[in-house]
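> Work out the full structure, taking the sequences as your base and the hints as a guide.
With our numbering applied, the sequence shown covers 304 to 1041.
The set of hints was computed from the structure by calculation and includes no laboratory data. Check before you lean on any hint, since a few could be wrong.
[What the hints assert, rightly or not] Label pairs and their calculated CB-CB ranges: (1) P718 - S392: 41 to 47 Å; (2) V519 - H697: 41 to 47 Å; (3) K395 - D898: 31 to 37 Å; (4) A1025 - H697: 55 to 61 Å; (5) Y627 - K795: 55 to 61 Å; (6) Q751 - P906: 32 to 38 Å; (7) T748 - D866: 53 to 59 Å; (8) T334 - K395: 37 to 43 Å; (9) D561 - T921: 41 to 47 Å; (10) H697 - D559: 18 to 24 Å; (11) D561 - S644: 22 to 28 Å; (12) A756 - S392: 45 to 51 Å; (13) D561 - E517: 45 to 51 Å; (14) T334 - V519: 21 to 27 Å.
Cβ atoms here follow ideal geometry from the backbone N, Cα and C, with glycine treated the same way.
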Amino acid sequence: MRTQQLLDTGWYFARQDCGPALTLAHGTAVTLPHTWNAQDGTDGGNDYYRGRCWYVKKFTPPALAAGEQLWVEFEGAAMTAEVFCNGKSIAKHAGGYSTFRAELTPHLKPGENLLAVSVDNSENEEVYPQKADFTFYGGLYRPVHLLTVPAAHFELSYHGGSGLKVTPAVDLQAHRAVVTVDAYTENADGETVTFSAAGQTLTAAVKDGSAKAEFVIENAHLWDGVDDPYLYTLTASLSSGDSVSTRFGCRTLVFDADKGFLLNGRVHRLCGAARHQDRQGLGSALTDAEHEEDLALLREMGANTVRLAHYQHAQRFYDLCDEYGLVVWAEIPYITKHMESGRQNTLDQMIDLIVQNYNHPSIICWGLSNEITASGGVTPDMVENHKLLSDLCHKLDPTRPTTMAHAFMLDMDDPFVMVSDIRSYNLYYGWYLGELEQNDQFFDTFHQKHPEAVIGLSEYGADANPAYQNGHPEKGDWSEPYQAVYHEHMLKMWAERPYIWAMHCWNMFDFAADGRNEGGKPGQNQKGLVTFDRRTKKDAFYIYKAYLSKEPFVHLCGRRYIDRPEEVTEIKVYSNQNTVTLLVDGKIFAEQTGDKIFKFQVPITGEHTIEARSGELTDDMTIRKVDTPNPAYRAAGGEVVNWFDRPDEVMREGYYSILDTMEQIKKSPAGAALLAKMMENVHKSYGDVAKSVTMPPSVQKMLDRQPLEKMLKQAGKAVTPAMVKQLNAALNQIPRVE
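See the structure below:
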C-alpha cells in the first residue's frame, strides 16, 4: 500500500558549506518550504548569497513490510542538490525547479537515521539559469515527502514522473475521445494493471516495465478552458496493490497564422499574464495558499492564459490551471545567456518538465528558451541546442508545439525565429525604447513578411511604483498612470489583431530582481499589475478586467493620486459596463456611454469626494487641490523630471545638450566617448543582465533617435540630478557637428 508522509519540520539549516555534522550541531531550525534568499535576494545590490548550503533532518523510518521500499521526494531544490542518507551520497540533481526522488531503503539502519541535503545556487557554466532579470533563490523551497511503496510499484525513478502518461485524441465531429494510457512500473513484470476512467475499467499485463490500455469515451465532455474546464480522473492499480491516479482533459489544440489559437475547434483569444512564483517576505518558499491566491487574482482579472515563467512551477499551480481552465505556456529556464557546456542540462530539464506535466490539459506548448540571444546573439551551437530541444519535445510529446520567447533585439527575418513550431516576441516599445505605436508596426510588419508563421506577444510592460503619480504621465516616470496608459494601448493593439495567438503581459506580479535599483524599490522589477506583496492591484490591473472579465465592475483610477496641482483634473474610470455616472461631492457631474475607458474633466478647488456608478456598482475616492506638486509622487523624490528650472540652463547655441538625440551627439568623437561612459551608469540601473545585452544595429538606431533626455529619465536613481547637470555641462562644451 503506497503511503506519503510530509517532511516539513525538524530540519536544521546552515548557510555555509559545513557538512551534515556541523549543521546538525550548530544549524538553525527551519520549517520547509525554505529559501535562504527571502530577504537578501529582494533588497537590491545584486549581493544575495549564492553558495552551497546544508539541510539535515533526523528521522525514524516507518516499519517496512517485506520488499517494501522507502523513497524521498523533493519537489524543488534550488539549484543543484546532493542527497545523503547516513553519510552516503545517494542522489544528485541539477535543476532547481523540478521534482526528483531517491530511494532510501538500502541505506537505512534500525532506529534513527540522518537525511542530509546539500543545496547549491552558486554560479556555474552548466546548470540553467545563470543570467536573467530575476533572483535565483536557493533552498528546499517546495515540499519534501517520504514515500512508502510495495516492491512492485509504478515508476518513481524516471525524471520525477508519476508513472502514468495519458494521451487523449479527440474527434470533435464524432464527439468521441480515444484515450491512450501508458503505465510504467518497476519490479512488476507479469502483473496486471487495472485502469479505471470515465466509468470504464480495463486491464492490461505488464511487460518489460509497462502496460498500455485504450479507452473510448463517447460524448466526451471537453476541457474547454475557463468556460468549462472539465477533468476526468484515471486510476491505475497493480494486482499486488500499488495504485496511482492522475487527472486529464479531452481537448483539441490548433495554432493558425491568421486565426491565432483555436481550442476545440473554436477561436479562443488568449490574453493574460506571465507569473513569477516569488513574493515579498517569502521569496520562492510558498505554500498552497499563496499559489491559490495568485490563481484567484489571475481569475479576477479575467485572464484565460498564464505564462509560467521562466521555469517549471509547482505542481499545485498546474493543477489549479487545470481546475479553472487557464491555458498554460510551460517552459524551462534556458534564458538570456547560452552556455555551450549547458546543453545536456537543457535537455534534462526539458525531460523533467514534460514527463512531470504531460497529463495537464491546461498546458498547450513547451517553451524552449527566453531571450536567449540577448547576451550573445545567434550562434551555431545555440541553434543546434534549440533544434535538439525541439526534436526532444516532439519525441516526448507529439501533441503540443514548441515555442520560444524572442528578445525584441532579434531581427524578425533571422532564421532562428522559425526554429520552434510557434513563436512569440518580448517587445518593450513605449518603455525601454521607442514609442507605443511601434508595437503595432512590429506585428503588422511581421504578419506581412511571414504570413505563414504563428506569432504571439510573450512579454511587454512598463514598471510602476504605486507611490508615483503624474497628472501628465510619460514614458520612464515609473508612475502608475503611465503604466495604465501603456496597457490601454497594448490591449487595443491586441484586440485589433486576431492573428496574435496569445498575449502575456509582463508581469502579473512585481518580482525580485536583486540586481535592479530603480523606481524607488531596489531589488524589484515593478512591471507587475499587482505588487510584490499582492496587497495592491495597480490601476492597469483593471483595464485588463474591463477587457477580459465578465464580472460587472467599475473602477476609479488615480486613487493614490490624491494631491493634484491642476485646476482641471482628469478622472478616469475603467469598467466593463456601457454607461458610467460620475459624482463629485455627492452630486452628479456627468454620465457617459462608452467602452471600457471613461474620462471626465473635473474642475477642482479643494478636497473632493469622487464616486463612479453604474447601476448598483460603485467605487469612490478622495482627491484634493494643492498649489504645488507633491514631490513624493515623482521618482527620486521628484528630482528626476525637474533637472533644470529654465530651458536656457540646458541649451547653448552651437553646442550639444541633453535635448539632442544620441545620433546627433555621436557625430562628434568627443560626444560619442561621453555617451559611452554615461551608458555604463545607465546599464547599472537595469541590473546585471543589461551589462551583457547585445544590441543589434537596427535597434541601436532606434535608440539613437531618441532625445538623450528620455534615456536619462528611464535610468532612475542610476542617474542623479547632479550627474545630469554635469553631463549637460560637458555636452555644452562640445561643438555641434552638422
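> For each hint, tell me whether it holds in the structure or not.
Going down the list of hints, with the structure as the test:
no., hint, result
1, P718 - S392: 41 to 47 Å, "holds (44 Å)"
2, V519 - H697: 41 to 47 Å, "violated (26 Å)"
3, K395 - D898: 31 to 37 Å, "violated (57 Å)"
4, A1025 - H697: 55 to 61 Å, "holds (57 Å)"
5, Y627 - K795: 55 to 61 Å, "violated (27 Å)"
6, Q751 - P906: 32 to 38 Å, "violated (47 Å)"
7, T748 - D866: 53 to 59 Å, "violated (43 Å)"
8, T334 - K395: 37 to 43 Å, "violated (25 Å)"
9, D561 - T921: 41 to 47 Å, "holds (42 Å)"
10, H697 - D559: 18 to 24 Å, "holds (19 Å)"
11, D561 - S644: 22 to 28 Å, "violated (41 Å)"
12, A756 - S392: 45 to 51 Å, "holds (48 Å)"
13, D561 - E517: 45 to 51 Å, "violated (35 Å)"
14, T334 - V519: 21 to 27 Å, "violated (48 Å)"
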